[in-house]
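2 protein chains.
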Amino acid sequence: MAFWKGLFNNSSNAIAPSSTSSKEEVLLKKGETQPETKILFSTTRSIDLYELEELCDAVGWSRRPLRKVRKAMQHSFLVVSMWEEKGASRRLIGFARATSDHAFNATIWDVVVHPRSQGKGLGKALINYLIKCLRQEDISNITLFADAEVVQFYNRLGFVPDPEGIKGMFWYPD
Amino acid sequence: MAFWKGLFNNSSNAIAPSSTSSKEEVLLKKGETQPETKILFSTTRSIDLYELEELCDAVGWSRRPLRKVRKAMQHSFLVVSMWEEKGASRRLIGFARATSDHAFNATIWDVVVHPRSQGKGLGKALINYLIKCLRQEDISNITLFADAEVVQFYNRLGFVPDPEGIKGMFWYPD
Ligand SMILES: CC(C)(COP(=O)(O)OP(=O)(O)OC[C@H]1O[C@@H](n2cnc3c(N)ncnc32)[C@H](O)[C@@H]1OP(=O)(O)O)[C@@H](O)C(=O)NCCC(=O)NCCS
Ligand SMILES: CC(C)(COP(=O)(O)OP(=O)(O)OC[C@H]1O[C@@H](n2cnc3c(N)ncnc32)[C@H](O)[C@@H]1OP(=O)(O)O)[C@@H](O)C(=O)NCCC(=O)NCCS
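Chains as they are written, first to last, in UniProt numbering: chain Z, 1 to 174; chain D, 1 to 174.
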């Protein structure tokens, strides 16, 4: 499956999803002879919470109450899902969401790509899709808190750590 | 006016606002003989956008379109204002807001105390009030992006920079 990867390596333009509708985009089509495999991005598709939980389980995240996950999704400014479609079957393979004040700032949370789909440029495509959506909504300040091991991943996507000495901080109860 | 400061220096309990209603709190009363001066905290009081602009001007922030400021406030999870009341007059002396997914995470933005009121423990009281409100809403992850010169201010309030190597990152267009 180094196939996808080749498509993404050259430039950031190469990963721009081709628009099919304002809210849903097909990134890639693989092969013409076999059953076609598409990668789809969406901001509107409904997401089965159990399927999302499975995806998060797969990368080893600790479980969270589905009631709270649902609430968080309802109150996110943007929820982006990534799907692999082969013929009639469809699988959730990626997810990300952002909170926002709808005017100036957005903050990205819960970025995940299924282990089977990692390392193929799909995480990059997912974040670029999310950025594109946020820019369309006129959000200028796109932020996130990156775990140490993914700082480099976000850096390649144009995210700068601690610009001008700005520090990400977390409150811990005494 | 080192008066207020004395009240705040000892412990974090000393700055806990005394509850008067669920949405509005009086922090302090100054003097019994002169016209009483109160510091009020509120999550519900309506804020005049021009008065807020004046407050932000006073700390040298660049102006933002009021239309967008209004939108950002409407879509913030929490907007906290701090007021100085002397007799019948009332002045906006502090402001902060937080975006949130209403479930897990909140991010604090636009923290400001009027220069005339700085250095008296009121910024600390404002942030503690905001934290208290967020905790009441069962938000466990309280975050912010601190300018280099205020990292120490937030650190004293219990905010930790880069915990476990987590990095605050900002996206910059190419
Ligand atoms: C982090 C994650 C989203 C990356 O998705 P992915 O699909 O594997 O990433 P991509 O294949 O699109 O990688 C894009 C580029 O980033 C690089 N990259 C990917 N993961 C990386 C990492 N952990 N560290 C450094 N670089 C990384 C790739 O090598 C690639 O580089 P290239 O453009 O030079 O080829 C995915 O690994 C994941 O879901 N991890 C588990 C959950 C997680 O940690 N989420 C982030 C929490 S803040
Ligand atoms: C940052 C700001 C909100 C602090 O408010 P304040 O009312 O002056 O702060 P307080 O008096 O409550 O200070 C609380 C403690 O932090 C310390 N402190 C305050 N400002 C500080 C700073 N810039 N650097 C280091 N310590 C600071 C105080 O000395 C005090 O310490 P103590 O508890 O040991 O006495 C205020 O200075 C301000 O509005 N600045 C301009 C706007 C700004 O920079 N906002 C933050 C953007 S991220």
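The hints are simulated quantities; they were obtained by calculation from the structure and are not laboratory data. There may be inaccurate statements among the hints.
Which copy is meant is left open, because identical chains are indistinguishable; a pair holds if it fits in one copy or across any two.
Unchecked claim - For lysine-lysine, the following DSS-like pairs were computed, each having C-alpha atoms within a straight-line distance of at most 30 angstroms:
{"hint": "1", "residue 1": "Lys-68", "residue 2": "Lys-132"}
{"hint": "2", "residue 1": "Lys-68", "residue 2": "Lys-23"}
{"hint": "3", "residue 1": "Lys-71", "residue 2": "Lys-23"}
As the structure is a computational prediction, the values presented were derived from the model and not from experiment.
Outcome of the hint check:
{"no.": "1", "hint": "Lys-68 to Lys-132", "verdict": "both (27 angstroms within a copy, 20 angstroms between copies)"}
{"no.": "2", "hint": "Lys-68 to Lys-23", "verdict": "both (25 angstroms within a copy, 24 angstroms between copies)"}
{"no.": "3", "hint": "Lys-71 to Lys-23", "verdict": "both (21 angstroms within a copy, 23 angstroms between copies)"}
Violation of the numbered hints given earlier is absent; every hint is satisfied by the structure.
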